[in-house]
Amino acid sequence: MTSATAGAGLGSYILFSVSGTTYALPTADVRHMEMIEDITRVPNAPSFVDGVVFSRGQVVPVVNLRVRFGFERAPVDLRTRLIVVQSASRTIGLLVDGAREFVSIPPDSVQPPHEALTGMSGRYVEGVASIGDRLILILNLERILSFADPLPADPAA
Amino acid sequence: MSQEGAPLDEVSFSDFLDDYFAECDEHLIGVRRLLLSLESSIGRDAIDRPVLDDLFRHFHSLKGISGMVEVRGAEELAHRLEDYLRALRSGGRALTRDGLEALFDGTQTLEQVIAARRASIPAPPIDAIADRIARIVGAAAMASGAAALSPAPAGGSASPTGSRRWQITFTPSQELVARGIRVDVIRQRLSSAGEIVSASPRVTSGGAVAFDFVFAGAIDAATAVSWERDGVTIEAIDDAVAGELLPDAIDPAPIDPAGRSSDRPVAPSHVVRVDLTRLDDLMRNVGDLVISRARLGDTLARVEQRLAAADWRAIQENAVTIDRQLRTLREGIMRVRLVPVGEIFRRMPFVVRDLARETGKRVRLELKGQATEIDKFLIERMMDPVLHLVRNAVSHGIETAAERIAAGKRPEGTIVLSAATAGDIVRIEIADDGRGVDAAAVVARAHAAGLPMPPGPPDAATVLSLICAPGFSTRDESDRASGRGVGMSVVKSAVDELSGAMALETEPGAGTRFILDLPVTLAITDALIAKAGGETFAVPQNAVREVIEITVGALLQVERNEMIPYRGAALPVVRLTRLFGLAESTRERQHLFVVGTGASALGIAVDRIIGQREVVVRTITDPLARVDGISGATDLGDGHVVLILDPAVLARTLRERPDRIYAAGGTGR
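Line order of the protein sequences matches chains F and U. No gaps in the numbering here: position 55 of the first sequence is 55 in the numbering used here, and each next residue is one more. All you need for the numbering used here is the position in the second sequence, starting with 1, plus 157.
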């Protein structure tokens with residue numbers, strides 16, 4: 001909540017795509033972006049964690065947003081980006097299909113999420129903004145990174 | 158002219174340059190220390206002569222080595238500085254405030270010129286400062302007549318007494334003892350004629366005892382003859398050789414007319430400068446040796462049955478001895494890496510002085526615990542963070558003299574920089590008695606910068622995390638003190654990277670204390686590198702009791718578990734591939750790490766061990782990637798993350814909650 005409030009004050013967001021949908025995170029939450037080379041798998045980590053990478057000397061977990069939002073994994077390609085975000089004292093990498101744009105979203109054009117917005121990503125959406133004919137889902141970072149919600153069923157259990 | 162001579166081998170020249178920079182660092186550190194101690198001499202007629210002599214020697218060496226590698230700016234500047242010191246030494250003239258400032262500024266420019274060469278960037282101009290020094294030298298020369306123009310006293314190899322080095326050997330005999338000539342008599346003679354550099358007894362090939370002395374002093378022919386009658390042999394030590402052994406001996410301008418080399422501070426022959434990569438190479442070699450030793454063990458185990466018991470025992474004893482010696486060797490090399498933390502501290506007085514001068518504050522710096530030892534690797538990475546904290550203490554912590562007086566404090570602020578060891582932790586503290594951190598101001602500024610704000614009133618930890626947040630110190634960019642590319646966020650990440658911890662204690666009006674806890678050397682450990690299911694893992698060597706080779710066919714199935722006969726008992730075995738849900742190996746022969754003892758002993762099977770290395774441990778802190786049995790991650794040099802196993806936790810988890818590790822085993826992609 002707090003980070004979104006601070007970000008909304010600035011109104012600056014970074015846009016990225018996951019499985020054909022455009023999402024946004026406040027720029028203030030983002031440390032930097034990088035291309036991804038190889039990820040070291042961490043055995044027995046949550047299913048949406050692809051593994052770890054080094055980013056500027058730190059070991060950073062990579063959260064696959066496709067998996068987090070309930071989609072199939074996609075192979076890493078040239079457009080794949082790692083968005084390294086900062087939440088409280090944590091540094092996490094978010095693996096997204098592509099990220100290119102910064103936009104300014106005026107606070108008054110952000111609506112609360114529709115009742116109809118369901119699916120995995122629905123519970124991580126803080127608000128919805130429309131710019132031109134594009135619909136942008138603004139994410140709540142803390143909820144994405146939290147362990148609180150149920151993990152996908154464990155087949156081996 | 159290097160261009161005209163034989164083409165310089167690129168590699169050897171760059172090696173040479175590395176040596177040059179290292180040597181410059183040493184001299185510059187010496188210069189800074191001496192300049193600070195000169196400050197108290199301002200305006201006094203008698204300047205501490207040894208200080209001047211040492212300063213002169215440093216500048217002289219800087220001039221010489223800079224000339225050799227053709228760093229002309231540095232050579233020229235060092236030459237000017239040397240001139241001024243010569244004038245001061247021979248002129249008996251008082252050191253002026255202007256003169257000292259010129260020495261400081263000249264040294265700073267000199268440092269910049271050398272740093273520019275190191276970074277391969279254009280050097281800053283030296284004309285202004287060189288002219289300024291020349292003017293001051295001119296004034297000093299006028300004041301002291303022609304004294305300054307006379308050349309420095311000649312000396313060196315042709316020292317006035319003809320003193321040189323000799324190898325003296327005394328072999329006692331019955332006859333000599335009867336005449337009262339014993340070794341202490343010889344020792345006395347030598348002491349009164351010169352100086353005994355070293356003395357050591359040895360057993361000759363004939364079984365008799367002889368005494369070897371290295372003697373420095375004058376021996377004339379008559380003396381030599383009389384001594385030789387008393388069982389003494391005298392041999393001159395080649396000057397050239399002696400010169401090589403004692404780098405200081407080639408100093409072409411000895412300051413001390415008596416040429417008493419023993420008076421020089423810190424015998425340079427006792428200190429060796431070693432490039433860290435060479436130590437790393439050594440460590441790698443020892444690692445190879447450890448692997449070879451393991452292989453030899455495997456081979457020996459296979460031939461054990463074919464040997465007579467007595468032969469086998471003899472071999473075993475040797476093997477154990479080799480193990481012990483290997484360990485000693487490894488620890489010895491690790492110890493070499495430990496250096497006094499004082500290396501970080503030494504340049505701080507200079508920094509504080511400069512900054513205090515710029516900000517018009519009065520600051521005293523106290524250093525404590527410089528002898529505390531810490532890994533060289535950490536020293537290099539902590540230099541900038543500590544520097545930044547000290548700068549912060551001067552520019553943000555300490556108040557101006559007027560403010561301090563108004564607050565009822567002494568006008569002079571104090572910064573205490575200390576280091577101490579507590580177990581495996583080295584604690585570095587930077588404390589000031591300044592105004593303290595204004596929590597409300599920090600919160601306001603963090604808010605303005607759009608930083609996420611934890612709820613509730615800020616405590617010290619919150620304040621620390623805010624000032625360390627990236628983006629917090631952007632407003633400081635114009636501030637020279639903190640605008641050198643290192644913000645608090647960089648301090649924080651340097652500490653994190655070294656698996657350290659940082660804390661803040663502050664009280665408004667009373668002062669601020671930053672506490673950095675760093676592992677002495679835990680950040681580096683020796684690890685065996687293993688492959689399992691196509692992935693690479695590192696296993697800390699100190700957790701591994703033994704490495705054995707097994708055949709998969711030899712594994713015994715006991716309910717859900719596998720076991721292998723080991724030293725007359727059954728050792729539970731866990732295959733890393735199964736534990737971690739990796740592709741099963743088709744290799745029949747696998748390596749097994751034996752960890753733990755007694756009931757908690759466990760064998761961890763991997764496809765194979767591919768090497769042994771020193772690795773830098775980086776902790777995994779985020780709950781998303783923290784799993785039982787993995788203690789951290791490392792980089793083997795290619796930027797790829799390699800996970801470090803924690804065998805103790807693996808063994809414990811398997812014992813207490815086997816479900817926990819196996820349960821998720823099948824979810825891997």
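Just so you know, these hints were derived from the structure itself, not from any lab. Check before you lean on any hint, since a few could be wrong.
[Stated by the list, open to error] Only part of the chain U face toward chain F is listed, based on derived beta-carbon distances under 7 Å:
id, residue
1, SER348
2, TRP384
3, VAL389
4, GLY607
5, ARG775
6, ILE777
7, ASP779
8, ALA782
9, VAL784
10, ALA790
11, LEU793
[To be verified] Quick look at which bits of chain F chain U covers, simulated, 3 or more residues with Cβ under 8 Å:
id, stretch
12, 72-85
13, 124-136
Built from N, CA and C at the ideal position, the CB exists for glycine as well.
Here's how the hints hold up against the structure:
1. Taking 7 Å as the C-beta cut-off, the interface hint given for SER348/U is violated, the closest approach to chain F being about 58 Å.
2. With 7 Å as the threshold, the beta carbon of TRP384/U stays out of range of chain F, its nearest partner Cβ sitting at about 65 Å, so the hint is violated.
3. A least Cβ separation of about 63 Å between VAL389/U and chain F goes past the 7 Å threshold, and the interface hint is therefore violated.
4. Below 7 Å, beta-carbon pairs count as interface contacts, and GLY607/U has one with chain F at about 5 Å; its hint therefore holds.
5. Evaluation of the ARG775/U hint against chain F yields a held restraint, the C-beta minimum of about 5 Å falling below 7 Å.
6. Because the smallest distance between the Cβ of ILE777/U and any Cβ of chain F comes to about 5 Å, under 7 Å, the interface hint for this residue holds.
7. With 7 Å as the threshold, the beta carbon of ASP779/U comes within range of chain F, its nearest partner Cβ sitting at about 5 Å, so the hint holds.
8. With 7 Å as the threshold, the beta carbon of ALA782/U comes within range of chain F, its nearest partner Cβ sitting at about 4 Å, so the hint holds.
9. With a least beta-carbon distance of about 5 Å to chain F, the hint placing VAL784/U at the interface is held under the 7 Å criterion.
10. This hint holds: ALA790/U has a C-beta 5 Å from the nearest C-beta of chain F, less than the 7 Å allowed.
11. The beta carbon of LEU793/U is not positioned within 7 Å of any beta carbon in chain F (closest approach about 11 Å), and the interface hint is therefore violated.
12. A count of 1 residues in the stretch 72-85 of chain F with a Cβ less than 8 Å from any Cβ of chain U is obtained; the coverage claim is therefore unmet, three being the minimum.
13. Using a Cβ-Cβ cut-off of 8 Å, 0 residues of the stretch 124-136 of chain F lie near chain U, which falls short of the minimum of three, so the contact claim is violated.
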